[in-house]
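Asker: Residue numbers (numbering that gives the first Met the number 0), protein chains in the order written: chain A, 0 to 367; chain B, 0 to 367; chain C, 0 to 367; chain D, 0 to 367; chain E, 0 to 367.
Some hints here could point you the wrong way.
Said to hold, decoys possible - 25 Å max Cα-Cα, derived DSS-like pairs, lysine-lysine:
id, chain 1, residue 1, chain 2, residue 2
1, B, Lys-332, B, Lys-364
2, B, Lys-207, A, Lys-302
3, D, Lys-302, B, Lys-308
4, A, Lys-332, A, Lys-221
5, C, Lys-308, C, Lys-332
6, D, Lys-308, B, Lys-302
7, D, Lys-364, B, Lys-302
8, B, Lys-71, B, Lys-207
9, C, Lys-364, D, Lys-308
10, A, Lys-71, A, Lys-114
11, C, Lys-44, C, Lys-221
12, A, Lys-221, B, Lys-207
13, D, Lys-308, C, Lys-302
14, A, Lys-229, A, Lys-203
15, D, Lys-221, C, Lys-221
16, A, Lys-302, B, Lys-176
17, D, Lys-207, A, Lys-302
18, E, Lys-229, A, Lys-207
19, C, Lys-94, C, Lys-114
If you are wondering where the hints come from, they were derived from the structure by calculation, not from laboratory data.
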Amino acid sequence: MSAGKKSKQKSTRRLSEVAGRRSEKSGLPPGSLVHIGEPSEDNPKIRVITFGKKIHDDFELQSFDAIEPLLKSGQFLWINVDGLNRVDLIESLGKVFSINDLILEDILNTTQRPKAEILDNFLFIILKTLNFDEQTGETYPEQLSFILGHNYLLSFQELAGDPFDEIRTRMKAGIGKLQSSGPDFLLYALMDAVVDNYFVMLEKIAEKMEIIEDELVADPNKSTLAMIHKLKNNLIYVRRSVWPLREILTRISNSEYPFIQETTRPYLRDVYDHAVHVVDVLESYRDVASGMIDIYLSSVSNKLNETMKVLTIIATIFIPLTFITGWYGMNFKDMPELSWEYGYQMVMIIAGAVAAGMLAFFRRKGWF
Amino acid sequence: MSAGKKSKQKSTRRLSEVAGRRSEKSGLPPGSLVHIGEPSEDNPKIRVITFGKKIHDDFELQSFDAIEPLLKSGQFLWINVDGLNRVDLIESLGKVFSINDLILEDILNTTQRPKAEILDNFLFIILKTLNFDEQTGETYPEQLSFILGHNYLLSFQELAGDPFDEIRTRMKAGIGKLQSSGPDFLLYALMDAVVDNYFVMLEKIAEKMEIIEDELVADPNKSTLAMIHKLKNNLIYVRRSVWPLREILTRISNSEYPFIQETTRPYLRDVYDHAVHVVDVLESYRDVASGMIDIYLSSVSNKLNETMKVLTIIATIFIPLTFITGWYGMNFKDMPELSWEYGYQMVMIIAGAVAAGMLAFFRRKGWF
Amino acid sequence: MSAGKKSKQKSTRRLSEVAGRRSEKSGLPPGSLVHIGEPSEDNPKIRVITFGKKIHDDFELQSFDAIEPLLKSGQFLWINVDGLNRVDLIESLGKVFSINDLILEDILNTTQRPKAEILDNFLFIILKTLNFDEQTGETYPEQLSFILGHNYLLSFQELAGDPFDEIRTRMKAGIGKLQSSGPDFLLYALMDAVVDNYFVMLEKIAEKMEIIEDELVADPNKSTLAMIHKLKNNLIYVRRSVWPLREILTRISNSEYPFIQETTRPYLRDVYDHAVHVVDVLESYRDVASGMIDIYLSSVSNKLNETMKVLTIIATIFIPLTFITGWYGMNFKDMPELSWEYGYQMVMIIAGAVAAGMLAFFRRKGWF
Amino acid sequence: MSAGKKSKQKSTRRLSEVAGRRSEKSGLPPGSLVHIGEPSEDNPKIRVITFGKKIHDDFELQSFDAIEPLLKSGQFLWINVDGLNRVDLIESLGKVFSINDLILEDILNTTQRPKAEILDNFLFIILKTLNFDEQTGETYPEQLSFILGHNYLLSFQELAGDPFDEIRTRMKAGIGKLQSSGPDFLLYALMDAVVDNYFVMLEKIAEKMEIIEDELVADPNKSTLAMIHKLKNNLIYVRRSVWPLREILTRISNSEYPFIQETTRPYLRDVYDHAVHVVDVLESYRDVASGMIDIYLSSVSNKLNETMKVLTIIATIFIPLTFITGWYGMNFKDMPELSWEYGYQMVMIIAGAVAAGMLAFFRRKGWF
Amino acid sequence: MSAGKKSKQKSTRRLSEVAGRRSEKSGLPPGSLVHIGEPSEDNPKIRVITFGKKIHDDFELQSFDAIEPLLKSGQFLWINVDGLNRVDLIESLGKVFSINDLILEDILNTTQRPKAEILDNFLFIILKTLNFDEQTGETYPEQLSFILGHNYLLSFQELAGDPFDEIRTRMKAGIGKLQSSGPDFLLYALMDAVVDNYFVMLEKIAEKMEIIEDELVADPNKSTLAMIHKLKNNLIYVRRSVWPLREILTRISNSEYPFIQETTRPYLRDVYDHAVHVVDVLESYRDVASGMIDIYLSSVSNKLNETMKVLTIIATIFIPLTFITGWYGMNFKDMPELSWEYGYQMVMIIAGAVAAGMLAFFRRKGWF
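When you get a sec, could you build the whole thing from the sequences and use the hints?
Answerer: What follows is the structure, encoded as structure tokens:
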């Protein structure tokens with residue numbers, strides 16, 4: 000992901016965004032096409048790759064009329080749209096592939112929950128990629144939608160930039176079965192890339208957690224707790240994005256849906272295993288994060304205890320001594336000790352003994 | 000929702016209300032028709048819209064005799080009742096559509112749990128709309144009931160006012176498929192409006208949570224905790240209202256019930272997806288709210304620690320000094336230091352050294 | 000429930016009772032008939048109502064020989080036994096209706112878990128009514144057992160008194176379908192009364208919770224916590240009694256059991272909906288009660304903080320001042336300030352400045 | 000259970016035992032017969048009862064050759080082995096009844112999880128009895144294994160002593176159906192005895208909990224917390240032993256296994272109901288125990304608060320007074336008040352006023 | 000496990016490793032063979048054992064060509080690979096047995112989640128052994144993979160060393176059914192060894208927990224909490240490794256997969272029972288560990304309370320006394336008590352009375 004792109008990313012910090020964007024649409028008739036997400040000035044690009052035994056073509060789409068003949072050419076088609084801010088383009092594309100409005104609405108609404116829908120003429124999938132920023136401790140989601148037809152795959156990215164560049168490179172280089180295996184295998188490859196992206200995110204989160212753990216031991220302070228809190232909220236958010244993936248993969252890999260070939264199913268099951276692994280790891284991270292809060296709270300208590308001990312030691316040593324000095328500071332006419340020859344020395348000895356006794360008492364208590 | 004209406008809303012604050020209203024009826028035979036809810040002076044209005052290819056008519060119902068011919072006219076019928084305080088009206092309507100007493104009882108009892116019931120001649124659904132008031136932090140529920148027959152839809156609102164005005168407007172304007180698609184599609188549109196209303200509520204709750212989070216960082220106090228507590232109770236209440244919706248939608252969208260057309264099912268599944276999303280978000284809000292309480296408690300501990308440090312620093316600096324002054328305030332006859340030439344200066348230096356030593360000790364401990 | 004009856008109620012406070020009574024029987028052969036429950040001096044009364052199209056008879060049973068002819072008369076029979084302390088009566092009744100010993104044992108053992116059993120010749124159900132006493136905060140259970148045969152219903156109450164009087168009154172008055180609908184509808188009516196009783200209990204618990212919540216805000220003390228604890232234990236107990244009801248109702252309303260008529264099923268489903276509602280509400284009450292403990296703990300912490308602030312403010316203002324006075328109370332021969340003309344005034348000013356500075360410091364910290 | 004036996008009981012205190020004993024065997028081939036449990040000097044006794052219409056015989060087995068003819072005699076056989084320390088005896092018995100090594104291994108390993116296994120020629124069940132010792136707060140488990148064949152029941156006790164004496168007595172006395180109903184009913188009776196034993200244990204645990212609850216209110220101290228902790232660990236352990244019983248009973252009472260007669264099934268369902276009850280009660284005890292820890296923690300906080308209040312009251316009353324006395328203990332040449340006629344009286348009044356003011360302040364705060 | 004091997008073990012401490020290793024591969028095409036794990040210099044050894052009625056041969060494999068004839072010889076084949084760092088060897092082996100790349104990828108990736116996959120020509124299983132190091136409190140995992148074909152078993156160990164030596168010894172010695180029962184029984188024996196290894200680990204963890212529990216009672220300090228935290232994280236990690244084993248065993252022991260013989264199934268069910276036992280014990284260990292944190296926190300609170308009591312007792316005894324001495328240290332001209340004959344004695348008595356009164360007050364409060 001390029002540096003320039005980051006500034007356009009959405010933050011998860013603001014809780015209200017999830018619901019907020021949705022509510023803008025509240026009241027519109029269902030199927031109304033509105034882009035819900037970060038506004039952007041970039042013009043969406045539509046990139047077309049035709050493939051079969053080999054890559055036949057790779058160009059930027061200029062006119063929607065070009066698609067029809069390609070579909071009939073017997074080649075496979077991969078059309079990638081990056082950027083969702085031009086509703087009219089999406090709509091035109093929808094018309095070409097006869098995608099109904101409810102689906103287009105979901106593609107445009109980037110606050111969607113990940114899901115899979117099996118329709119008569121295609122398979123529709125929504126996923127999220129997640130980028131954890133170590134600096135801010137925030138997770139930035141990007142919504143990806145896929146439409147898998149008989150001989151085509153449409154992919155929609157929320158942001159310009161190119162998470163799929165690698166796959167395109169591999170495709171061109173003819174590595175693996177990508178060129179020859181049809182759009183369902185391509186879909187698998189893209190989903191695999193998304194799940195691999197989760198492992199990258201997990202690693203970053205884990206590094207952050209280790210930093211926090213070290214801080215917890217060394218010098219826990221208010222910002223440590225804030226960081227743990229942020230982290231926990233992030234894990235909650237991430238879990239919500241990843242969890243539905245299991246269900247999605249179960250559904251499409253088990254289904255009798257004709258457009259997923261038998262040979263692709265083991266690969267989808269493989270992605271499924273990885274997704275389960277991600278969820279497992281997330282769950283244990285949440286447990287670990289909960290444990291951190293206990294550590295923090297007890298460390299605050301420990302500090303308080305430490306403070307109190309210092310106060311108590313100082314106070315309990317000097318308060319009796321001060322009493323003694325006060326005693327011989329009284330102005331009674333007749334205080335015999337005041338005129339004893341070794342009165343002053345005696346007080347010195349008593350004071351020393353009291354202080355030593357107190358110190359011995361505290362040492363026995365293990366206070367220092 | 001109009002301002003005037005708000006004053007009539009029920010509060011969730013009083014826990015006993017949920018059970019309380021129910022208990023008023025305890026002892027009555029089942030099927031007894033009693034309005035359980037906020038009493039109201041308003042006269043319920045019954046509004047009838049007949050539609051088919053277009054909207055044929057839209058009027059306020061004056062006599063129940065008018066319904067029979069309309070049902071036979073081949074047009075679709077939407078009858079909306081706002082206000083439940085006139086039991087006799089509901090009862091008369093029930094007779095016209097042969098709705099049995101158990102159903103009417105549920106419609107009138109506004110403390111009902113959301114549910115769907117599939118009967119021989121119609122489908123019966125109870126839902127809740129929820130309005131979160133940012134000022135008070137309370138959620139105000141309103142119960143909506145629907146009866147979907149072969150060619151009619153009855154809707155019952157608890158409060159006067161018009162959450163469905165928008166849909167009526169769209170219907171009239173001929174936007175979408177509302178006019179032509181029959182009462183099942185209308186039911187979908189109304190349920191979609193209810194779920195959209197949940198997103199509005201989520202957004203308001205999230206905004207409230209952000210305000211509390213900011214307060215937690217800046218200046219947490221007793222009212223912050225009270226607010227978190229209120230919020231948590233609200234989330235518990237909201238969850239109870241939204242949760243059954245999933246089951247309801249699963250049931251009616253999967254069922255072989257003849258009055259839901261095949262073409263409407265994808266739309267219901269869409270509402271289902273949104274309902275699942277709402278529940279997901281609610282769950283994570285609850286997790287976040289629980290985390291807030293940890294933050295609050297640790298912030299209280301931190302404050303205590305802060306207070307203790309101030310006390311400890313002041314006390315441990317001055318207590319030894321006071322001891323020294325007490326020492327030379329003793330009245331022993333023979334205290335040589337008192338008559339030393341630089342005795343006073345020496346004490347000054349000692350006192351300064353003790354104070355400086357203490358300060359250094361605290362700085363080393365990182366206390367200030 | 001009459002006041003006189005309350006004194007006979009069992010308390011839930013003693014945890015050991017649940018298990019305790021059971022253990023008295025440990026070692027006896029299964030099927031041994033022993034009354035496990037509060038001993039009572041009252042003589043159980045057996046009341047018989049014969050009904051069909053109308054109520055034919057209503058009398059107290061004197062001899063078991065009277066039952067046989069009634070069973071053959073073509074009328075429906077409702078036999079209610081209040082009080083379980085006369086084992087021989089129950090046994091005789093068991094013989095008349097060929098009820099096996101395991102069932103009779105369950106009827107007599109009032110520590111039973113609610114359950115339903117479907118046997119060849121009848122349906123056996125155990126339920127609990129629950130009475131929450133606002134004064135003591137205790138829940139008093141009463142066990143009810145039902146045996147539904149082809150043309151008869153037996154009901155067994157643990158305590159004398161009459162929770163079913165109302166139903167009997169309605170039956171006599173011919174309200175609803177009670178008279179004409181057979182013993183299965185009567186069973187429904189009785190179960191409905193039990194669930195309505197739960198709503199009464201929920202309302203009382205909710206009122207108690209509101210009182211506690213107000214106390215939490217106003218003046219939380221040790222007894223508040225004890226009350227929350229008691230309440231939570233009560234909710235745990237109540238949940239255990241209500242929870243199995245869902246399963247019971249599912250089982251009997253879905254079963255192909257011939258003695259429940261098709262027309263009664265919707266009514267049972269209605270009771271089921273209410274039972275689910277009760278469980279829902281109970282769950283949220285438990286969540287709310289857990290939240291209360293957090294509030295209580297943080298309020299204790301707040302109080303401690305408050306106490307510490309008072310101490311810290313007083314101590315940190317006066318300790319430096321006392322040091323100053325100590326300083327000029329020293330008896331050094333040569334302390335020039337002591338003989339300065341405005342020495343005393345100077346000390347006054349210094350002391351005032353220190354005190355004012357401290358106060359300003361605390362105000363800046365927001366401590367008062 | 001005799002007093003002499005107690006000393007031989009295993010303790011649950013040592014967490015490692017559960018796993019520990021197992022690990023001794025790690026590395027041995029599966030099916031290796033090793034006794035894993037407390038070593039014992041007692042010689043196991045094998046007691047044989049033959050029954051059918053009546054008890055035919057009851058003797059201690061001397062030779063394994065005696066079994067074969069008994070099996071063919073048409074009578075039912077109950078063989079009870081108490082003590083597992085003589086592996087060779089168990090092995091010989093296994094040969095007579097053709098029990099495979101995996102089963103024998105499970106019988107000898109007393110750290111086994113309760114389970115049921117349905118084999119071709121018999122049914123194999125492992126259970127635990129649990130004895131709670133009020134003195135130590137520990138639970139002592141004993142493993143029981145049963146093998147139910149067509150016309151015989153083998154039972155294996157871990158410890159000498161006789162939990163089944165009562166059943167033997169009833170059998171001899173001809174109470175109930177024990178003599179005549181075959182080994183499956185005998186198995187039921189033994190399992191019923193085990194579950195009854197759980198109720199005894201629950202009662203003891205509940206009594207312990209009540210003692211702790213009273214202590215929590217009266218005088219909570221460190222040992223109270225240790226006791227709650229021990230109790231919780233015990234409940235965790237007990238739950239692990241009782242929980243599988245539900246599954247076991249479901250399995251054998253539902254199965255089409257030929258050796259359980261139709262007439263015995265209702266009895267097994269009855270035991271099942273009781274087992275569910277035990278699990279229910281255990282769950283609520285765990286909830287109650289968790290609540291106790293909250294109470295304990297808040298009571299510690301309350302005590303701290305109490306301590307702080309005493310300190311604060313004393314300190315804040317006397318610190319200002321000491322300041323005043325310090326003030327007039329200064330040695331300035333010119334302190335006019337010192338020579339006022341009523342100076343001393345004035346200071347008395349001021350000191351009294353300050354003390355009274357402080358006391359009034361604390362009373363207003365509700366501190367005493 | 001040899002001492003020399005330990006140094007090569009992977010630590011679980013670094014949370015990021017789990018995800019980290021995976022992420023190295025992110026971007027590679029699926030099926031790319033890369034060893035993800037600790038790099039090692041050792042050359043992997045491939046050991047072949049051919050068996051049937053007896054062990055025919057046992058040698059280190061030099062050339063892959065030797066395998067083909069062995070497979071056709073009618074004997075069973077066990078090929079064990081220790082060390083995964085030579086990707087080419089694994090790949091060659093994969094070619095001989097026609098194992099596809101996805102499987103080989105999983106074998107090489109040692110951060111895999113345990114799983115079973117049933118393929119057309121073989122069964123693929125991934126497991127973990129876990130070694131708990133008492134010194135560091137860390138768990139070191141080792142990944143084992145198995146491929147069970149019709150007449151062969153391949154096993155892959157992550158680390159050189161020999162967890163299976165024992166089984167090889169037993170095999171050679173002809174103990175049990177290992178030699179004669181085919182590769183499925185051998186698989187069972189290996190899995191049984193893995194589960195036995197879990198019991199060893201549980202025992203070590205339990206010993207650690209007992210040490211911590213003793214420390215909690217005797218002298219809880221900061222490192223105790225750190226140890227509990229580490230332990231909890233370890234339990235979370237271990238649970239994640241063991242949990243899938245249940246599912247794996249259910250799957251392969253129930254499946255109609257032809258390569259598991261009917262006679263082996265009971266043995267697999269036995270391993271399943273043990274796996275369930277391990278999971279049960281793990282769950283209760285987690286509960287116990289959670290309880291420990293409560294104990295720790297309350298013990299910190301208790302210490303604080305203890306500290307405060309010492310301070311309060313000392314301060315409240317001496318502060319009033321100091322006030323008295325201050326009083327008679329005032330320099331008023333006219334303080335009659337100063338010149339009373341027994342003034343000094345009177346003050347002595349008053350001071351003694353105040354101190355005694357305070358001590359009595361604290362004793363009554365039970366503070367010492």
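Asker: What hints, given by number in increasing order, does this structure fail?
Answerer: 1, 2, 4, 5, 8, 10, 11, 16, 17
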